[in-house]
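Novice: Each chain is listed here by its residues.
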Amino acid sequence: MTDFSAIDITEAKKLLSQKQITATELTEFFIKQIEEKKELNCFITNTFDIALKMAKESDEKIQKGSDLGILEGIPIGMKDLFCTDGVKTTAGSKMLENFVPFYESTVSQNLWKNGAIMLGKTNMDEFAMGSANTTSFFGNVLNPIRSDDQKDLVPGGSSGGSAAAVASGQCFAATGSDTGGSIRQPASFCGLVGFKPTYGRCSRFGMVAFASSLDQAGPITKTVSDAALMLQSMCSYDDKDSTSSKKLIPNFSDYKKFDLKGKKIGLPNEYIIEGLNEEIKKKFDQCINIFKDCGAELIDITLPHTNYALPTYYIIAPAEASANLARYDGVRYGLRENSENLDDLYQTTRASGFGDEVKRRLIIGTYVLSAGYYDAYYLKALKVRQLISNDFKNAFEKCDLILTPTTPNVAFPIGEKQNDPLEMYLNDVLTVPASLAGLPAISVSAGNNNNNLPIGMQIIGRPFEEISVLAAGSAIELSKV
Amino acid sequence: MSFFIEGDTGKWEVVLGLEVHAQIKSNSKLFSTASTEWGGDPNTHVELVDCGMPGALPVINEFCVNQAILTGLSINAKINEKSIFDRKNYFYPDLPQGYQISQFEFPIVGNGFLMIQTKEGEKRIGITRLHLEQDAGKSIHDQDIKNTLIDLNRSGCALMEIVSEPDLRSPEEAALYVKKLRSILRCIGSCDGNMEKGNLRADVNVSVRKPDSEMGTRCEIKNVNSIKFIQKAIEYEARRQVEIIESGKKIIQETRLFDPNKGETRSMRGKEESHDYRYFPDPDLPPLIISKEKIEELKRSLPELPDEKKSRFISEYSLTDYDAEVLTDDQYVSDFFEEVVKNRDSKLVVSWISVELFSYLKKNSIELSESKITSKKIAGLLDYIISGKISNRQAKELFEPYLKSNLEAKDFIEKMGVEQVSDEGEVEGLINRVLQENPKMVEDYKNGKDKLFGFFVGQVMKESKGKANPQVVNKILKDKLT
Amino acid sequence: MSIDNSIVRKVGKLAKIKIKESEENKLLDELNNILGWVDELKKVDTEGVEPMLSVFNESMNMREDKSDSKFSNNLITKNSPEKKAGFFVVPKVVE
Ligand SMILES: [Mg+2]
Ligand SMILES: [Zn+2]
Chain X
1 MTDFSAIDIT EAKKLLSQKQ ITATELTEFF IKQIEEKKEL NCFITNTFDI ALKMAKESDE
61 KIQKGSDLGI LEGIPIGMKD LFCTDGVKTT AGSKMLENFV PFYESTVSQN LWKNGAIMLG
121 KTNMDEFAMG SANTTSFFGN VLNPIRSDDQ KDLVPGGSSG GSAAAVASGQ CFAATGSDTG
181 GSIRQPASFC GLVGFKPTYG RCSRFGMVAF ASSLDQAGPI TKTVSDAALM LQSMCSYDDK
241 DSTSSKKLIP NFSDYKKFDL KGKKIGLPNE YIIEGLNEEI KKKFDQCINI FKDCGAELID
301 ITLPHTNYAL PTYYIIAPAE ASANLARYDG VRYGLRENSE NLDDLYQTTR ASGFGDEVKR
361 RLIIGTYVLS AGYYDAYYLK ALKVRQLISN DFKNAFEKCD LILTPTTPNV AFPIGEKQND
421 PLEMYLNDVL TVPASLAGLP AISVSAGNNN NNLPIGMQII GRPFEEISVL AAGSAIELSK
481 V
Chain S
1 MSFFIEGDTG KWEVVLGLEV HAQIKSNSKL FSTASTEWGG DPNTHVELVD CGMPGALPVI
61 NEFCVNQAIL TGLSINAKIN EKSIFDRKNY FYPDLPQGYQ ISQFEFPIVG NGFLMIQTKE
121 GEKRIGITRL HLEQDAGKSI HDQDIKNTLI DLNRSGCALM EIVSEPDLRS PEEAALYVKK
181 LRSILRCIGS CDGNMEKGNL RADVNVSVRK PDSEMGTRCE IKNVNSIKFI QKAIEYEARR
241 QVEIIESGKK IIQETRLFDP NKGETRSMRG KEESHDYRYF PDPDLPPLII SKEKIEELKR
301 SLPELPDEKK SRFISEYSLT DYDAEVLTDD QYVSDFFEEV VKNRDSKLVV SWISVELFSY
361 LKKNSIELSE SKITSKKIAG LLDYIISGKI SNRQAKELFE PYLKSNLEAK DFIEKMGVEQ
421 VSDEGEVEGL INRVLQENPK MVEDYKNGKD KLFGFFVGQV MKESKGKANP QVVNKILKDK
481 LT
Chain D
1 MSIDNSIVRK VGKLAKIKIK ESEENKLLDE LNNILGWVDE LKKVDTEGVE PMLSVFNESM
61 NMREDKSDSK FSNNLITKNS PEKKAGFFVV PKVVE
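So the sequences go chain by chain: X, S and D.
For the first sequence, the positions run 1 to 481 when my numbering is used.
For the second sequence, the positions run 1 to 482 when my numbering is used.
For the third sequence, the positions run 1 to 95 when my numbering is used.
In isolation and in its complexed conformation, chain X is listed as follows (with noise of 0.2 angstroms):
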């Protein structure tokens, strides 16, 4: 069987088109590929027969040449916190352990429309809180990169399922979620590319919610050209999500026409914060070499709240999450713990349903919102938003693209970071800030540090110029760092 890992999406288009190889081939590839990498605990779910049928659909439209989807025909995967419709759907959660939709997320609908093949859910962070993936009911996820001194590496989280499977070759691609870096983090951790696009541009109808105000679906890829195919095929204007942009959904893939000379990069002081890992500091030295030779004008920026993004996200995330998770109550699906009191069979079914990085955040945010405390804690992070929102709005008058690290550190080991919450939190430093505006962000790879071990960078743009965001990434990955 030829090694299909080694080949983007661009790629495999090309030989289905040519009829090289079918997309039966291509399932069962991955599905092989799959089965022997279990160990690295990618998917919670696997649905192969599902996968092989759509295969063979794909297979004959390709066949007939006509209603090709932009995706014919290539295999992914698929975050598990995306609902699809008679498949079990469990955001990573034992209260959703058994929980099998009857109806069809957006984004999932988009790609299946597309001709997207799903091998199976990916494993998540529970309900997607988390930077490690080390909060999933059904286990860590194990980065596929290991150190040199070989210890198993988180594959950052929250969408850490989807990194690792696509970065070992178990898929061409796979769905993320974003709330506050949970694509772009892993995508650095595991040298992938992971794009947030703007918010509204991803339905949010099917997606389980953590923080609405936040997530934003995004594709994590082996390079930007698929990014562009992925998001072309996930996002649309959608009736069914309150939030979801008419703005035009421009042909992503004409990023490739972008030219970067003459644009001005923004580099914002900020970012280099204290405790920034000194090799991902030379790696960011690098990349501004890169746009400088693109053409591209370096400027000095200001994103004076920049420090006040983390504490911001963590009052209006946990609040958010904390009504949107107030429905897992043990009466109309999901895990009930049994009692013959209601109050008892609340209490006892979100105990157990619910794992301590849940039921942290879950109480913090309950506690911002409650009497005497929302205005000193829920309102202030609403007005420090506006403020840091300000910041990106002062800064796009000044440049067209923000270049900053992805994160502060390379993966690392499994259980660090792991006794002190904070320290956890303090992985998404970086990417927070262009979340709480709602900005498109992308992390593409710009090499290892001397561990072998990925540096992730981003590239934030104005909302809704994602194409700009693409061809800045694009830059950063044809050189080569």
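FYI, nobody ran anything at the bench for these hints, they're computed from the structure.
Please note that the accuracy of each hint is not assured.
Taking lysine-lysine pairs in the DSS-like style, the calculated list, with each CA pair at most 30 angstroms apart, reads [said to hold, decoys possible]:
hint : chain 1 : residue 1 : chain 2 : residue 2
1    : D       : Lys83     : S       : Lys138
2    : D       : Lys84     : X       : Lys88
3    : D       : Lys43     : X       : Lys417
4    : S       : Lys138    : X       : Lys94
5    : D       : Lys70     : S       : Lys197
6    : S       : Lys78     : S       : Lys222
7    : X       : Lys88     : D       : Lys18
8    : X       : Lys246    : S       : Lys82
9    : S       : Lys222    : D       : Lys84
10   : D       : Lys83     : S       : Lys222
11   : D       : Lys20     : X       : Lys417
12   : X       : Lys247    : S       : Lys292
13   : D       : Lys78     : S       : Lys88
14   : D       : Lys10     : X       : Lys94
15   : D       : Lys84     : X       : Lys94
16   : D       : Lys26     : X       : Lys151
17   : D       : Lys43     : X       : Lys393
18   : S       : Lys222    : D       : Lys92
19   : S       : Lys197    : D       : Lys78
20   : X       : Lys247    : D       : Lys66
21   : S       : Lys88     : D       : Lys10
22   : D       : Lys10     : X       : Lys417
23   : S       : Lys294    : X       : Lys246
From a predicted model like this one, the values you see are computed outputs, not experimental measurements.
Starting from the known structure of chain X, arrange chains S and D with the ligands on it as the hints suggest.
Specialist: Just chains S and D with the ligands now, with coordinates in the frame of chain X:
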């Protein structure tokens, strides 16, 4: 209206505020496409939002927004061009999302008022706000010994919550207020006002105080679903509060339930526990922005409102304030009246509708709209009176059997054989006969015994078995005898 | 602002999450740690700043008032841990 409770320590005044929940008469729910149809098998009108499925998202129903605006305009209220939906968080099995989508700080409709007609004249009742929110599902506690059963068919139906100022001072005023509000809602068609089905229900806030003193601690009686019960609940609750205060104890602010069987209110401590709703803006819903143009357009589409109709009735039909109020209280009644009064004398029509017809309805405890009585049926009878074919007195005697019959006026009167003889030739024949039979009396009359005129009338009526038209008899008799 | 055990218990009740006595102190420490850290925000001058409710600034899409019930009782109750005659079932609630 001076309403006081006599306590051991003197008079107590009752202070009332109402939160009326009116279900909007829409086809689909406020944030989902599920049907609002009443009844139906359990959990059959349920969309993803209505049962809080993972990944479900709310999308607002424009009709419901429009109805809230129309209602706001008809209670003289300010329409807020920007309003916000909030989540009201609490756990209850008929609240599937774990929160109710409601409006807290920024409701769609702000300050307004409506006028009620008390016995002492008009009174202005302030309205604090009107907001849109989701209804909860239904918890059924009495069908299973060990369990509560949950039906989510009603979950997510659109409600307007209309909150009054604490301006009401008696059970009667509260009743008048609800009736007035209901007539407005029905008039514009935003709510059918059916209290039995729970489509209109009120939370009643009751407190008592010594006249002119500070406001007392209030209790909220939840979900009272008839005007009669509202009055009874207030009476009971106010008395209970007076007794507590007079015995030296304090009122505890709490929510209570009215038990119509026992006629009393009782504490709902079970639900009390921890009242901390943690309202915050619903991140699934952007602010609701309503343009000035839209408000103007809706204003133009408003039908004639009960108060406007009342003034028109007063001037157009020369009605008293009271009659006009009674006839415009209900859209069905006012339409009925206007159909009957067309080309007929309004005084006659008013007295027949507001006195005779209403007392008949009251006696049989039915609403005009629920009765099978048509405006045509009433008009038919009135035409017989107007043309003089039957007398007013006859009509009153026949009224009840007439309403109960399935016959039209013509057939009924024929069947009963009560039609008045107004034909002058026929009446003249009768008169001639009476005069011929009583020559002596005719003689006496002509010699000045005027009183005998009545005797002749009586004889003619007797001859005609009461059917002769007295006016015609009078006229012809006078001619004959002079 | 730091919180004490009674607040942890109260908030646990509000969130309907049973907190075992043995977990309470650890959770309290973690929460105080997090809250102490988010207290950083107090340093930000937010005088006159409007709270940011949403990054989404397009007008809200409104739905036409058409009813369309796609799901049967069977589907709606398909995942439910306990049901009876089409109803969801919970232990008796006393009102
Ligand atoms: Mg109330
Ligand atoms: Zn309400």
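Novice: It remains to establish, for every hint, whether it holds in the given structure.
Specialist: Hint-by-hint comparison with the structure:
1. As the CA atoms of D/Lys83 and S/Lys138 are separated by approximately 15 angstroms, the hinted pair is consistent with the 30 angstroms bound.
2. This hinted pair checks out: D/Lys84 and X/Lys88 have alpha carbons roughly 24 angstroms apart, not beyond 30 angstroms.
3. Taking the CA atoms of D/Lys43 and X/Lys417, the gap is about 27 angstroms. The hint holds against a cut of 30 angstroms.
4. For the hint pairing S/Lys138 with X/Lys94, the CA-to-CA distance comes to about 29 angstroms; that is within 30 angstroms, so the pair holds.
5. Only pairs whose Cα atoms come within 30 angstroms are accepted, and D/Lys70 paired with S/Lys197 is accepted, the gap being roughly 25 angstroms.
6. Distance hint between S/Lys78 and S/Lys222 is fulfilled; the C-alpha atoms sit about 27 angstroms from each other, no more than 30 angstroms.
7. Distance restraint check for X/Lys88 and D/Lys18: the Cα-Cα separation of roughly 27 angstroms lies within the 30 angstroms cut-off, and the hinted pair is therefore satisfied.
8. As the CA atoms of X/Lys246 and S/Lys82 are separated by approximately 20 angstroms, the hinted pair is consistent with the 30 angstroms bound.
9. At roughly 28 angstroms between alpha-carbon atoms, S/Lys222 and D/Lys84 fall within 30 angstroms of each other, so this suggested pair holds.
10. Among the hinted pairs, D/Lys83 with S/Lys222 is consistent with the structure: their alpha-carbon atoms are about 28 angstroms apart, no more than 30 angstroms.
11. Among the hinted pairs, D/Lys20 with X/Lys417 is consistent with the structure: their alpha-carbon atoms are about 24 angstroms apart, no more than 30 angstroms.
12. A hinted pair counts as satisfied when its Cα atoms are at most 30 angstroms apart, and X/Lys247 with S/Lys292 qualifies at roughly 25 angstroms.
13. Proposed proximity of D/Lys78 and S/Lys88 is supported: the alpha carbons are some 27 angstroms apart, at most 30 angstroms.
14. Taking the CA atoms of D/Lys10 and X/Lys94, the gap is near 25 angstroms; set against the 30 angstroms cutoff, the hint holds.
15. Proximity of D/Lys84 to X/Lys94 is assessed by CA-CA distance (about 25 angstroms); at most 30 angstroms being required, the pair is judged to hold.
16. For the suggested pair D/Lys26 and X/Lys151, the alpha carbons sit about 29 angstroms apart, so the restraint of at most 30 angstroms is met.
17. For the given pair, D/Lys43 sits about 22 angstroms from X/Lys393 by alpha-carbon distance, which is consistent with the 30 angstroms threshold.
18. Between S/Lys222 and D/Lys92, the direct Cα distance comes to roughly 20 angstroms. Compliance with the 30 angstroms bound is thereby established for this hinted pair.
19. In summary, the hint linking S/Lys197 to D/Lys78 is supported, as the alpha carbons are separated by about 29 angstroms, within the 30 angstroms threshold.
20. Restraint check for X/Lys247 and D/Lys66: satisfied, since their Cα atoms lie roughly 26 angstroms apart, inside the 30 angstroms limit.
21. Taken as a hint, the S/Lys88 and D/Lys10 pair is honoured in the structure, with Cα atoms around 18 angstroms apart against an allowance of 30 angstroms.
22. In summary, the hint linking D/Lys10 to X/Lys417 is supported, as the alpha carbons are separated by about 29 angstroms, within the 30 angstroms threshold.
23. In summary, the hint linking S/Lys294 to X/Lys246 is supported, as the alpha carbons are separated by about 21 angstroms, within the 30 angstroms threshold.
Every hint, counting from the list given before, is met by this structure.
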